[in-house]
Amino acid sequence: MTDTARVDTLALAMTLATAGFGLLALWALRRRRPLAPRRLRVMAVAWVVAAVLVLASFALGSYLVARGAPHAEPAIEIDVVARQWMWKVQHPEGRRELNELHLPLGYPVRLRMSSEDVPHALSIPALRVKKFMFVGRETALELKTQQKGQFVLYCAARCGPHNRAMRGTVVVMDLREYLQWARGEVPGESPLEAGRRLYLNLKCENCHRPDGAGRGPALAGLIGRTVTLREGTTLTADEDYVLESIREPDAKVVAGYEPVMPSFAGQLSESQLNALLQYLKTLEGGPR
Amino acid sequence: MSTASYTVRAWLLAADARRIAILYLVAMPLVGLAGFLGAVAVQAGILFPAGDLLEAKSYELLGAWHGCGMVLLVLLPAIPAGLGLAVLESRPAPWLALAGWCLWLVAGAVWLAGLVRGEPDLRRCAILGALSLAFTFLSLMLAVRRRQSCGPFAWSIVLSGTAWLARLATGGLEPAPVAPLALVPALGVVAEVVRDSSGGALYGRRLVPWLLGAIAASTFLPWGSRLLALELGPVLAGSLLLAVLPPAALVAALLATVLRQPPARGPALAFAWTSIGLAMISGGGFLLLASAPTNAHLAATAFESAHLHFMAGVVLAAFLAGVHHWRDVIAGRATPEAATGLAALLLFGAWNFAFFPSFVTGYLGRPWGPGALADSFGRLDTISFLGTIGLVAALAVAARDLLRSLFGHAPEPAARLAASKQCE
Chain A
1 MTDTARVDTL
11 ALAMTLATAG
21 FGLLALWALR
31 RRRPLAPRRL
41 RVMAVAWVVA
51 AVLVLASFAL
61 GSYLVARGAP
71 HAEPAIEIDV
81 VARQWMWKVQ
91 HPEGRRELNE
101 LHLPLGYPVR
111 LRMSSEDVPH
121 ALSIPALRVK
131 KFMFVGRETA
141 LELKTQQKGQ
151 FVLYCAARCG
161 PHNRAMRGTV
171 VVMDLREYLQ
181 WARGEVPGES
191 PLEAGRRLYL
201 NLKCENCHRP
211 DGAGRGPALA
221 GLIGRTVTLR
231 EGTTLTADED
241 YVLESIREPD
251 AKVVAGYEPV
261 MPSFAGQLSE
271 SQLNALLQYL
281 KTLEGGPR
Chain B
1 MSTASYTVRA
11 WLLAADARRI
21 AILYLVAMPL
31 VGLAGFLGAV
41 AVQAGILFPA
51 GDLLEAKSYE
61 LLGAWHGCGM
71 VLLVLLPAIP
81 AGLGLAVLES
91 RPAPWLALAG
101 WCLWLVAGAV
111 WLAGLVRGEP
121 DLRRCAILGA
131 LSLAFTFLSL
141 MLAVRRRQSC
151 GPFAWSIVLS
161 GTAWLARLAT
171 GGLEPAPVAP
181 LALVPALGVV
191 AEVVRDSSGG
201 ALYGRRLVPW
211 LLGAIAASTF
221 LPWGSRLLAL
231 ELGPVLAGSL
241 LLAVLPPAAL
251 VAALLATVLR
261 QPPARGPALA
271 FAWTSIGLAM
281 ISGGGFLLLA
291 SAPTNAHLAA
301 TAFESAHLHF
311 MAGVVLAAFL
321 AGVHHWRDVI
331 AGRATPEAAT
341 GLAALLLFGA
351 WNFAFFPSFV
361 TGYLGRPWGP
371 GALADSFGRL
381 DTISFLGTIG
391 LVAALAVAAR
401 DLLRSLFGHA
411 PEPAARLAAS
421 KQCE
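Heads up: the sequence lines are chains A and B, in that order.
Mapping of the first sequence onto this note's numbering: position 102 corresponds to residue 102, and the numbering continues sequentially without gaps.
Mapping of the second sequence onto this note's numbering: position 172 corresponds to residue 172, and the numbering continues sequentially without gaps.
For the record, the hints were derived by calculation from the structure and aren't laboratory data.
Bear in mind the structure is a predicted one, so any value in this text is a computation, not a measurement.
Where is the CB? At the ideal position from N, CA and C, for every residue including glycine.
Each hint should be verified, as a subset may be incorrect.
Distance ranges between label pairs, derived from CB positions [to be verified]:
| no. | chain 1 | residue 1 | chain 2 | residue 2 | range |
| --- | --- | --- | --- | --- | --- |
| 1 | B | Q261 | A | V48 | 18 to 28 Å |
| 2 | A | V45 | B | W95 | 26 to 36 Å |
| 3 | A | V42 | B | A264 | 17 to 27 Å |
| 4 | B | G378 | A | G106 | 27 to 37 Å |
Footprint (simulated), chain B over chain A, 3 or more residues, beta carbon under 8 Å [claimed, not checked]:
| no. | region |
| --- | --- |
| 5 | 3-17 |
| 6 | 31-45 |
| 7 | 58-69 |
| 8 | 126-139 |
| 9 | 148-162 |
I would like the entire structure built from these sequences, with the hints used as guidance.
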């Protein structure tokens, strides 16, 4: 678990120790009178002992900082996939993003990372972290943010000619805001508004055109209507049928249409499905 | 061939170790100048980010070209070939050294031609440069054995030569990982200069070869961005931090030497102190790159580049210290020293101006490579660029001093061979 402040403290301690030895060396160089042999021996031994002690303390400090502070909460696991020259991110609630990484403030996060083409390295300087990503091998990066805001992320590996374009933004938000964001919710938004936003974001209307001429049946006025399936049977398109069709589109396909719809199982939360249903109920001839 | 012959033909067909060394000393600054101009272009590219001056591809190409040539053709051979051949080798027909020189010339031609063509063949250049250095080291190691030379410089040559041959056997000639080996002969020169300036005996001299050996061995440890791809276990992490101990102990021995007997000051010693100063800054950078949590933040950033360039500064300053120290052996003239410590001071200042800002920009997240072009760090970039230009002034003063020292007086045939003292 990387802790930005601890890494900074460690770096500062190492810098100050080096500067301390530098000042001692400067004193030795400026001295124009020979030092007594006994005093000299003491000083030489003291220098080496001090160097050993300083290094031992750095070794311990490095170990402690690398191990990180233990945390009681289970980490939120986020999948990050790199490819030339973009970052693809998927959050546990199913929300996906491109070249952006939303993170909760002060909550442990575990990034599960891999690459689709060549080795990449995710670097977020503001969080003092960097980790390589490989094809066919998952690496993990554990971190805990300490400050809200937007920070740069980039690829630190020399991954190809457009490496410089492989940049993105880390957005750190409060845990509550993050969870709402991950579920696709907007603070203060009603279920109906959320449903409409989902309907538009998921581009349902691209296939379910209002005139029924799309690759899927029109959705306006669907709920409560009797529909004929490809097998020739009929059923009433109630809420359960609509939810089933979103999760398993191939289970009961309406006559006249091909089973081409992708499944949204696991990609939408219960609250998102309910919001979408609420909105579908209001459709009369097309989205508003 | 008589070494007294000064015709062009005599020089071109030089089969005399000291003449080969002088040829290196003339040719290496020219290669260094080409590499330096490449670096200035890279620095200027950073001053005008967003690809205004230099596209990412050109930046990457120029950076890789600069790194390969400067490390394999200048940094690594500077002290063994430029100083070692003059000081340690004395045979009239050192064929191994001659083979090394010919390979170095070919490597240099491949390196320069690559830039002209716009497609540097860095692999071929690296292999030729590496073989050239191997021949030079072999020649020197045999000379040390034959003449039973001892002293920190002779030890450092044998130790770094052994490490270099082992490196060739194990493969891998990327500039950044092989560069630290140049520290071993550099610290050998510094130790020799300090010893000769302070009464002729190093404090803890029995320990010094072991320390140099430990430094040579530690150059095989992965460091910086090489650590990023590894899971840093406790043994490797501990070894990396321990790798700081031998150079720290060596610096302690050198400081104790001058505290026991204050040295006779001169430009050689001034450059030796510059070398030690830059080594301490570079060592501080190494600490941060060797510790797992800070490495994860700083590897593959401008910080690592700064560390590497400070290491190069250690070698350059040690090289200049050696040229001043052995100016009579190199030029065959027992001349009074014409230089002061000003050039060394200028070098230390300019080096810090040029490269210290990269420690800061690296800490702030600037990548090492074409990604550096994406962001500007304003004032820090300007300071760095001015420092790079300041290096020209420092090196110009150093060159003027050297030329005056080397050629300002009448020839003296009885040159001393300071580093080839018989072992006690």
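Whether chain B covers the region 58-69 of chain A (at least 3 residues having a Cβ closer than 8 Å to its Cβ atoms): holds (count 7)
Hint check for W95(B) and V45(A) - Cβ pair distance inside 26 to 36 Å: Cβ of V45(A) to Cβ of W95(B): about 47 Å, so the range 26 to 36 Å is violated.
Whether the CB-CB distance between V42(A) and A264(B) falls inside 17 to 27 Å: Cβ of V42(A) to Cβ of A264(B): about 26 Å, so the range 17 to 27 Å holds.
Cβ separation of Q261(B) and V48(A), checked against the hinted range 18 to 28 Å: holds, 20 Å
Coverage criterion applied to the region 3-17 of chain A (partner chain B; beta-carbon cut 8 Å; 3 residues): holds (count 7)
Whether chain B covers the region 31-45 of chain A (at least 3 residues having a Cβ closer than 8 Å to its Cβ atoms): Holds: 9 residues of the region 31-45 of chain A have a Cβ under 8 Å from chain B.
Proximity test - 8 Å, beta-carbon atoms, the region 126-139 of chain A to chain B, at least three hits: It holds, with 6 qualifying residues against the three required.
Cβ distance range 27 to 37 Å for G378(B) and G106(A), holds or violated: Since the Cβ atoms of G378(B) and G106(A) sit about 32 Å apart, the hinted range of 27 to 37 Å holds.
Given coverage of the region 148-162 of chain A by chain B, tested with a Cβ cutoff of 8 Å and a minimum of 3 residues: Three-residue rule met by the region 148-162 of chain A, so holds; n is 8.
The structure shown violates just one earlier hint, number 2.
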